[in-house]
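Please put together the full structure from these sequences, using the hints given.
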Amino acid sequence: MAIPLDLITGALSFLFTLLIFSYVIGDNPLFRIGVYIFVGVSAGYIAAIAFWQVLMPRLVTPLMNGNLFMVVPLLFAVLILMKVSPNLASLARFAMAFIVGVGAAVTIAGAVTGTLIPQVMGTINAFDLNLAAARGIPVMEVIFNGVFILAGTIFSLAYFHFGARPKADGTMQRLSLIELAAWIGRIFIGITLGAVFAGVFSAALTAFIERIHSLIQFIGTFM
Amino acid sequence: MGGQDNAAPIASDTPDWLSSSGQNNVAPVSSDTPDWLQGLEAQTPSAPAAQTPEPQKNDAELGDVPSWLKAAAPQSSIYQDLSVAAPESSAQPSDSNWLSSLDASVTAKPTPAPLPVDSGLGEGTDNLFTDMPDWLSSANETPPIAPSTPEEASEPALETGQLPAWVQAMRPVEAVVSGSAPTTSQAESRGALAGLQSVLPAAPNYAPTSKPKPYSLKLQASSEQLSQAALLEQIIAAETSPVSIASFSPLGASRALRWILASVFFAMAFVVLFTRTQIFSLPVDIPLEVGSALQVVQSIPEGAPVLVAFDYDAARAGEMEAAAAPVFDQTLLLRHPRLALISTHEIGAMLGEKFITGQLLADHSYQREKQFVNLGYLPGGQMGIRAFAQNPSATTPFDVSFNKVWESNILKGVNSFSQFAAFIIVTDNADSARAWIEQTTFARGAMPILVISSAQSAPMIQPYYASQQISGLVSGLHGGAIFEQNNAGRPGTARAYWDAYSIGMLLAMAFMLGGGLWSFFIGARERAAAREANS
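First to last, the protein sequences are chains A and B.
Note that this note's numbering has the first sequence beginning at 748, numbered continuously upward.
Note that this note's numbering has the second sequence beginning at 44, numbered continuously upward.
Among the clues, some could well be false.
Taking lysine to aspartate or glutamate pairs in the EDC-like style, the calculated list, with each CA pair at most 16 Å apart, reads [as the list claims (entries may be wrong)]:
1. B:LYS397 to A:ASP753
2. B:LYS455 to B:GLU412
3. A:LYS914 to B:GLU267
4. B:LYS413 to B:GLU450
5. B:LYS447 to B:GLU412
6. A:LYS914 to A:GLU926
Keep in mind the hints are simulated off the structure, nothing from the lab.
Structure below.
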């Protein structure tokens, strides 16, 4: 009698779900067993992925096909591997400098062209009535949304403006206008953090419900 | 008492070489003395003839004194001394040793002879030595009384503070301090020698030319520098002073509270999901971002290539699949796109393939290498994304099975990133969505981007929809439920979870509100008790 694969996977899923849920009663060996198995399996799987989906198709196979350009990443990989030895760790500096430099350049360029400028333009275009009409948004709603977004952006930025001047008694204080804007910005930031917390709780609750649902389905297969 | 008398004992005790020289008392002195010393003797201001014996006579008397000592000692002193001691020396002719004779002369003469008063060059020098400290000058004032009896002579001849003549003779010669020694006898008024008179100066002709420049010990600092220094001291003092760690009283019922909350949520979820209640209706209103997502799905051409990035962890798979299932169900059902799966997470591609071929979308029977390809893991983070956007086929030439996917029917005609009909990002991380949006800006052209996100990352992705960088956004179970409403209720996952989700959210709100009120009243009661205690 062959055991269905779905039954095995369902049983394993049921078992490990209970192991993790046992944390409700506190840290215990069952919870630790589940965590250790997850960590071990994840590490093994990632190592296999790194070999079969990175090294083999992107380095070994091209080298075997005579692509001598792949000698450069191979050399870099060997140099970075030298970091395991304290005496040879300095050999990895060139490769690390190359990676860090290229990574920083790509990240900064992407942030400027992909986030900074478009977000500023988006804040400005919040009052674009033509664009709102194209989206089917009423004019008053466009104006309200635009004012709200603009105010939230300015006041939130004002909250992070920490420039201050010394008073007669030696204490430092921001300008009154900046202080007021920062106080309003704190309200916007508080609302934003509240929304983020609600999102985190919503995501966790959905995951919890999905696990309970899977347990019920697994039990239902025997009923 | 001539030289002959003193020469006889010397000759008897001295060796032949010395006795032979001693037979001629006068001549050997001059002959033994080197020329330079003779010249020096000639220049040395000798004592006047009235006060000092004749040189030849004294030479004869000093026959016991070695010639080197004669040369070292000033003649005036030695001759003066010996002139006084001459009678005693003559009384002891048997003492042939020069040192014995010297000792005898010292013991026989307890008081030093008066210092000769020289004129001219030696006057200043003598004044220097005559101006002695009190203890020494008092000794000089003692009248030189010659012992009259042998008993007196046997008494200690050298008293405290008295210098024998030969010691005085060893004092610096006149040539060293000739003419430069100060003649003043004023006492030192400062320094370690304060109170002493006739102290030798530090150097000849030395005298302070000017008063030492006074230097202020007060720190030259401005008021601003002093204030900054005071501020620095405050900072250092604050760093070094111990800071009491604010202690928070642990929740006494935290363990019980955790058990209660867990029990309530477990019971609620089990009951609601097991009974499959449908108390709460699905949301009806369609937000703009979800409405735009619906338009994106409906605008995908039939059978067009669509790139899908699965960038979420396995822990979020339940939520992500619940949110993405209605979108993919409608897309696959209506447009039958050719899918290319990719991920910047190591396990994302596996989760994506599980989702496409899983139970939720089982009705569409999508299979790898037939309806979709799995490009697998894309390494390099943002650099990898940018490289893929620039040249997809060169960055990921193979799929997870080492097949050259860009020559297959699924990706036929796709040579660049912008040739995909749409790009769907399924992620639980706002940073991942931001990386895809940022690094593909230059390459995607007019290609629509649809983001399916977790509820926790939706607030950070929302601005990209407001700036029209993405075409639609479906976030969390709420977004999936809305999309499911517009997909004829398929696949029904959101509906199955919706009641438990709604009750769970209500319970959370109730617990938070009740806990906040409870904390407020507890705090108010404690403050009131504290006020009463203070009053």
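Evaluated hints:
The suggested pairing of LYS397 of chain B with ASP753 of chain A holds, with an alpha-carbon distance near 13 Å, which does not exceed 16 Å. Restraint check for LYS455 of chain B and GLU412 of chain B: satisfied, since their Cα atoms lie roughly 12 Å apart, inside the 16 Å limit. The straight-line distance between the Cα atoms of LYS914 of chain A and GLU267 of chain B is roughly 15 Å, inside the 16 Å bound, and the hint therefore holds. For the hint linking LYS413 of chain B to GLU450 of chain B, the alpha-carbon distance of about 13 Å falls within 16 Å, and the restraint holds.
Taking the CA atoms of LYS447 of chain B and GLU412 of chain B, the gap is near 11 Å; set against the 16 Å cutoff, the hint holds. As the CA atoms of LYS914 of chain A and GLU926 of chain A are separated by approximately 15 Å, the hinted pair is consistent with the 16 Å bound.
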